[in-house]
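For the sequence shown, my numbering puts the final residue at 88, and the numbers step up evenly by one.
In silico DSBU-like cross-links for lysine-lysine, where the CA-CA straight-line distance does not exceed 30 Å:
(1) 28 / 75
(2) 75 / 26
(3) 84 / 28
(4) 34 / 23
(5) 28 / 70
(6) 25 / 84
(7) 23 / 75
(8) 70 / 26
(9) 70 / 23
(10) 75 / 25
These are calculated hints, taken from the structure and not from any lab test.
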Amino acid sequence: MNGIYQHFKGKKYKVLLIAKNTETEEDMVVYQALYGDYGYFVRPYSMFVSEVDHEKYPDVKQRYRFEFVKDESE
15 MNGIYQHFKG
25 KKYKVLLIAK
35 NTETEEDMVV
45 YQALYGDYGY
55 FVRPYSMFVS
65 EVDHEKYPDV
75 KQRYRFEFVK
85 DESE
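All chains, please: the whole structure from these sequences, using the hints.
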């Protein structure tokens with residue numbers, strides 16, 4: 015799962031690791047913006063890999079919220 019991903023709105027992010035929420039046992043994706051202040055974020059895995067709501071965003075061509083772009087070692 016590590017690597018560079020593109021959000022459906024166009025910005026790129028680096029996935030750092032998958033963490034476990036200690037209260038719910040839910041898998042969480044920890045990732046870093048590759049723009050601006052290079053902030054760190056966390057999002058539930060299920061949301062990270064979810065499909066784009068094409069009713070809400072009809073002009074978006076990307077199928078998933080985040081799509082793999084490349085391995086960070088490339």
